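Protein chains in written order, with UniProt numbering: chain A, 1 to 93; chain B, 1 to 649; chain C, 1 to 198.
It should be emphasised that the hints constitute simulated quantities derived from the structure, not laboratory data.
From a predicted model like this one, the values you see are computed outputs, not experimental measurements.
Just so you know, not all the hints are guaranteed correct.
[To be verified] Derived coverage of chain A by chain B (criterion: at least 3 residues anywhere in the stretch with Cβ under 8 Å from a Cβ of chain B; other residues may be distant):
no.	stretch
1	70 to 76
2	81 to 91
[What the hints assert, rightly or not] Calculated pairs, EDC-like style, for lysine to aspartate or glutamate (alpha carbon to alpha carbon, straight line, at most 16 Å):
no.	chain 1	residue 1	chain 2	residue 2
3	C	K160	B	E626
4	C	K89	A	E3
5	B	K576	B	E642
6	C	K90	A	E3
7	C	K170	B	D628
8	B	K577	B	E636
9	C	K170	B	E642
10	B	K577	B	E639
11	B	K304	B	E372
12	B	K304	B	E639
13	C	K195	A	D30
14	B	K210	A	E3
15	B	K571	B	E544
16	B	K576	B	E626
17	B	K644	B	E526
18	B	K577	B	E544
19	B	K220	B	E552
20	B	K370	B	D530
21	C	K195	C	E56
22	C	K2	B	D628
23	B	K210	C	D14
24	B	K576	B	E526
25	B	K563	B	D530
26	B	K577	B	E637
27	B	K563	B	D523
28	B	K450	B	E372
29	B	K571	B	D561
Note that CB positions come from ideal geometry on N, CA and C, so glycine has one too.
Below, each chain spelled out in residue letters.
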Amino acid sequence: MKELFPAKQVLGFAFSLVLTVIALAVYFLDMSFQTGMTILLVTAFVQAGVQLTVFMHAGETDDKGAIYLNVYYGLIIALVTIFGTLLAMVWDM
Amino acid sequence: MEFLERFAVPHPSIAIYASMVAIGLTMIAIVAGLTYFKKWGYLWREWLTTVDHKRIGIMYLISALLMLFRGGVDAIMMRAQLSAPENTLLDAQHYNEIFTTHGVVMIIFMAMPFIFALMNFVVPLQIGARDVAFPRLNALSFWLFFMGAMLFNISFVIGGSPDAGWTSYFPLAGNEFSTSVGTNYYMLAIQISGIGSLMTGINMITTILKMRAPGMTLMKMPMFTWSSFIANVIIVFAFPVLTVALAMGTMDRLFGTQFFTMENGGMDMLWANLFWVWGHPEVYILILPAFGIYSEVISTFSRKNLYGYKSMVASMVVISLMSFLVWAHHFFTMGQGALTNSIFSITTMAIAVPTGVKIFNWLLTMWKGKIEITTPMLYSLLFIPLFTLGGVTGVMLAMSAADYQYHNTMFLVAHFHNVIIPGVVFAMLAGLTYYWPKMFGFMLNERIGKWTAWLLSIGFLLAFMPMYITGLDGQARRMYTYSEATGFGPLNMISFVGAIIMAVGFALIVYNVYYSTRYASRDIGEDPWDARTLEWATHNPVPEYNFAVVPEVRSSEALWDAKKHGHVLFKDRNYKKIHMPNNSGVPFIMSLIFFVWGFSFIFSLWIPAILATIGILVCMAHRSFEQDHGHYISVEEIEETETKMRGAK
Amino acid sequence: MKIDHSLPLEYSTDQNQYNILGFWIFLGAEIMLFATLFATYFTLANRTGSGPSGAEIFEITPVLIETLLLLTSSFTIGLGIHAMRLGNKKAMLSFFSITLLLGLAFLGVEIYEFIHYVHVGAGIQTSAFTSILLTTLGTHGAHVTLGLFWGLFIILQVKKRGLTPQTANKSFIFSLYWHFLDVVWIFIFSFIYLKGMM
Numbered sequence: 001m002k003e004l005f006p007a008k009q010v011l012g013f014a015f016s017l018v019l020t021v022i023a024l025a026v027y028f029l030d031m032s033f034q035t036g037m038t039i040l041l042v043t044a045f046v047q048a049g050v051q052l053t054v055f056m057h058a059g060e061t062d063d064k065g066a067i068y069l070n071v072y073y074g075l076i077i078a079l080v081t082i083f084g085t086l087l088a089m090v091w092d093m
Numbered sequence: 001m002e003f004l005e006r007f008a009v010p011h012p013s014i015a016i017y018a019s020m021v022a023i024g025l026t027m028i029a030i031v032a033g034l035t036y037f038k039k040w041g042y043l044w045r046e047w048l049t050t051v052d053h054k055r056i057g058i059m060y061l062i063s064a065l066l067m068l069f070r071g072g073v074d075a076i077m078m079r080a081q082l083s084a085p086e087n088t089l090l091d092a093q094h095y096n097e098i099f100t101t102h103g104v105v106m107i108i109f110m111a112m113p114f115i116f117a118l119m120n121f122v123v124p125l126q127i128g129a130r131d132v133a134f135p136r137l138n139a140l141s142f143w144l145f146f147m148g149a150m151l152f153n154i155s156f157v158i159g160g161s162p163d164a165g166w167t168s169y170f171p172l173a174g175n176e177f178s179t180s181v182g183t184n185y186y187m188l189a190i191q192i193s194g195i196g197s198l199m200t201g202i203n204m205i206t207t208i209l210k211m212r213a214p215g216m217t218l219m220k221m222p223m224f225t226w227s228s229f230i231a232n233v234i235i236v237f238a239f240p241v242l243t244v245a246l247a248m249g250t251m252d253r254l255f256g257t258q259f260f261t262m263e264n265g266g267m268d269m270l271w272a273n274l275f276w277v278w279g280h281p282e283v284y285i286l287i288l289p290a291f292g293i294y295s296e297v298i299s300t301f302s303r304k305n306l307y308g309y310k311s312m313v314a315s316m317v318v319i320s321l322m323s324f325l326v327w328a329h330h331f332f333t334m335g336q337g338a339l340t341n342s343i344f345s346i347t348t349m350a351i352a353v354p355t356g357v358k359i360f361n362w363l364l365t366m367w368k369g370k371i372e373i374t375t376p377m378l379y380s381l382l383f384i385p386l387f388t389l390g391g392v393t394g395v396m397l398a399m400s401a402a403d404y405q406y407h408n409t410m411f412l413v414a415h416f417h418n419v420i421i422p423g424v425v426f427a428m429l430a431g432l433t434y435y436w437p438k439m440f441g442f443m444l445n446e447r448i449g450k451w452t453a454w455l456l457s458i459g460f461l462l463a464f465m466p467m468y469i470t471g472l473d474g475q476a477r478r479m480y481t482y483s484e485a486t487g488f489g490p491l492n493m494i495s496f497v498g499a500i501i502m503a504v505g506f507a508l509i510v511y512n513v514y515y516s517t518r519y520a521s522r523d524i525g526e527d528p529w530d531a532r533t534l535e536w537a538t539h540n541p542v543p544e545y546n547f548a549v550v551p552e553v554r555s556s557e558a559l560w561d562a563k564k565h566g567h568v569l570f571k572d573r574n575y576k577k578i579h580m581p582n583n584s585g586v587p588f589i590m591s592l593i594f595f596v597w598g599f600s601f602i603f604s605l606w607i608p609a610i611l612a613t614i615g616i617l618v619c620m621a622h623r624s625f626e627q628d629h630g631h632y633i634s635v636e637e638i639e640e641t642e643t644k645m646r647g648a649k
Numbered sequence: 001m002k003i004d005h006s007l008p009l010e011y012s013t014d015q016n017q018y019n020i021l022g023f024w025i026f027l028g029a030e031i032m033l034f035a036t037l038f039a040t041y042f043t044l045a046n047r048t049g050s051g052p053s054g055a056e057i058f059e060i061t062p063v064l065i066e067t068l069l070l071l072t073s074s075f076t077i078g079l080g081i082h083a084m085r086l087g088n089k090k091a092m093l094s095f096f097s098i099t100l101l102l103g104l105a106f107l108g109v110e111i112y113e114f115i116h117y118v119h120v121g122a123g124i125q126t127s128a129f130t131s132i133l134l135t136t137l138g139t140h141g142a143h144v145t146l147g148l149f150w151g152l153f154i155i156l157q158v159k160k161r162g163l164t165p166q167t168a169n170k171s172f173i174f175s176l177y178w179h180f181l182d183v184v185w186i187f188i189f190s191f192i193y194l195k196g197m198m
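Okay, chain A solo, but in the shape it has when bound:
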């Protein structure tokens, strides 16, 4: 039975629960928008990283270079799109 629950994945799960609880602080505690957004950004991206490495086995084969490049590339383009859109449509309109 024990072999079905590898420590790495159990710890990963526990860690992601902890991150969720930390993120919840922005709801239950009173804080400024900047602090709240910082907390959310950190917890969300760390959480995504945990999923990627612990659960999705992104780095276990020879294709890991291609896989990580693919994810980072997507992430960069995604952020450019989101912030570029906000710049052109909201902040500088």
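Starting from the structure of chain A, add chains B and C where the hints point.
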């Protein structure tokens, strides 16, 4: 009756009625012809169900050429309408429909399949693979594109063409100002073919990353493969944006959502923003494979290796990132502040740098080379000065302050045709001529080919150079007429003459195919151009399995190594049985259901729409449960084919 | 079909490796799909017209339940893949079934949530904000729904055909998909709900 009324064309004309009759007769003729010559089985077995990348490439090619003529007819009609002031050949509504369909057809249904045709056909051969990574998905990609194209093309006889421009800006494209189903066609037809393009992107990237011949590291890939790789990376990350934008546009029109509306918080400008987040990378999706073709052609016919291979690759990688950083230059005048416009101005000017690097690389490749002016080379030689002209006017447009003058004028129209025609269209025609012997086993006639290249270039200059002048003088794009007092008449007449000359050029391509099919020699060997890359190391036309023995490679010019430096491409001469994928009719059927799905949404026919959705899901479920291990080609069969192919030399 | 026994089953043939890499690239495209939805959401979030704002309609309880359900399901499918690599078909199928049940429960809460929104006057046609809110949540929900069917098909296939290179490959790819949906949910949870209620 009320049910049928929705299918009527809102602005009928004699030309549209004539097209209905023509389409009807053509369809009857096709069905009758296939039945009479008993070709239904052949069509189904060899083409509709094929998963062979070469046949899919050829089908893309045929579709692209057909669409080139559809879009070309639109272009001629536009130029004819504008050839004289206050012309009444077309009314405003028809002019709107025609410039809309011209743009969509040429970009989405002509240029895209043309590059997919060459990618599909050439890339697996160039890397020494037997097929793409997902042959079945490849067939699905093609058929989705094809059904999307068909869906778009029936719009002008059933329900009315889209008329809000190829960019389909809201609020013009919203229900209030576009009451016909035309814009629904736009949203759904592009959606369906866009899904196909996305799948091709995934397929090609995986193929190039995982299926290269032994010895071919990334930096030893031929340049066309590199350019296809980068173009597909851009496809994978740009097309989802279009998918979402089109879905939101569709929902606004059909389900009353408020994304791009003028009330309840909707933001019409967001459509323009999202459209160009996809739209600008799309420009590079088209031009990069074109650059790849030019690199192959120029290197081959200068009898030299490509100058600056590494800088070529580096510039493309830079372009792949930067193409996502420039989109707002398409709407400098929309009202965002100076900061945004400055940022996007600078990125736009910067992206001209890696493109300029390539121009110098091609020039230096030719420097001191033994240049042989064949038809593909002639296209490349014409491309360099003409494209540079377009690039320079692009930098003019990139200056956001000056753009207020150029915006929405014929100057812009002249600019983008100036990059797309010498850039993409000439490259595709060069590629077509260059790879024709690989596809069909005979060469296209060189004399007719060179006539075509010259006619297209002269026609192009006559058609588009006057637009720079009228544009700076204030002729707006998309205006169906102008008064005599503007003085635009003579220059527009010159444009019309240029368009006619281009039409003659394109007609010559068809004549060339006919002439060469009839008279060209079939005895051309494996390497008629004295080429340098791996795809020329197998027979013409290529057998089903591409290479009987997997080649080994040590540079980006494997065949040249073999010819000049004693490199052995095929070490193990013993044939082994070859694993090949099975044919399948499911991609075709599933795409047909997608056609019904799109059509039902366009006309708000909800019951067929639900049934078609279920049909699509059933096809996916079928694929999940299906067990398909492919088949083997036996050693005897390979020997037989190889002997026959060598006999043809 | 050559099978390389030194690798886990899901990587053991060339085609399997193509499939996994190809699916990762598809996930790259999915990143952009959701990024576009997020870009639209952030642009339209304050454009509520005459409709309600996020702070007025979001409720923490169902959101928290959904988050826990999806996080746990992501954990259980990870265990499923681990069991598959141990060759323990029975455990793998149990973990996959638990995953799908958690997914189903998630979907149930999400449907409740949607009904609630419509009930308080935040339908998809109300304002730009509600349109993009429900479209983003709906796109994620549609992915989960599709995943439920897909997962079910895979369970049936593993049951019938056992752990072969093909079924293992499909199961692994499905697990990638499921984890990815969890990642997307984390962003929805953080930047739509928590940011909206902050």
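Status of each hint after checking the structure:
1. 70 to 76: holds (count 3)
2. 81 to 91: holds (count 6)
3. C:K160 <-> B:E626: 13 Å, holds
4. C:K89 <-> A:E3: Given pair K89 (chain C), E3 (chain A) holds - Cα atoms ~14 Å apart, limit 16 Å.
5. B:K576 <-> B:E642: 13 Å, holds
6. C:K90 <-> A:E3: 14 Å, holds
7. C:K170 <-> B:D628: Answer holds: K170 (chain C) to D628 (chain B) is near 14 Å, not above 16 Å.
8. B:K577 <-> B:E636: Holds - the C-alpha atoms of E636 (chain B) and K577 (chain B) are around 9 Å apart, at most 16 Å.
9. C:K170 <-> B:E642: At roughly 37 Å apart (the allowed maximum being 16 Å), E642 (chain B) and K170 (chain C) break the hint.
10. B:K577 <-> B:E639: At roughly 10 Å apart (the allowed maximum being 16 Å), E639 (chain B) and K577 (chain B) satisfy the hint.
11. B:K304 <-> B:E372: 11 Å, holds
12. B:K304 <-> B:E639: Judged against 16 Å, a Cα distance of about 35 Å means the pair is violated.
13. C:K195 <-> A:D30: Satisfied, since the Cα-Cα distance of roughly 13 Å is no more than 16 Å.
14. B:K210 <-> A:E3: 34 Å, violated
15. B:K571 <-> B:E544: 21 Å, violated
16. B:K576 <-> B:E626: Violated, at about 27 Å.
17. B:K644 <-> B:E526: The hint holds at about 13 Å.
18. B:K577 <-> B:E544: Between K577 (chain B) and E544 (chain B) the Cα gap is close to 13 Å, so the pair holds against 16 Å.
19. B:K220 <-> B:E552: 12 Å, holds
20. B:K370 <-> B:D530: Satisfied, since the Cα-Cα distance of roughly 13 Å is no more than 16 Å.
21. C:K195 <-> C:E56: 13 Å, holds
22. C:K2 <-> B:D628: Between K2 (chain C) and D628 (chain B) the Cα gap is close to 15 Å, so the pair holds against 16 Å.
23. B:K210 <-> C:D14: 9 Å, holds
24. B:K576 <-> B:E526: 22 Å, violated
25. B:K563 <-> B:D530: 9 Å, holds
26. B:K577 <-> B:E637: Holds, because 9 Å separates the two Cα atoms, which is no more than 16 Å.
27. B:K563 <-> B:D523: 20 Å, violated
28. B:K450 <-> B:E372: OK: K450 (chain B) and E372 (chain B) at ~13 Å, within 16 Å.
29. B:K571 <-> B:D561: Given pair K571 (chain B), D561 (chain B) holds - Cα atoms ~14 Å apart, limit 16 Å.
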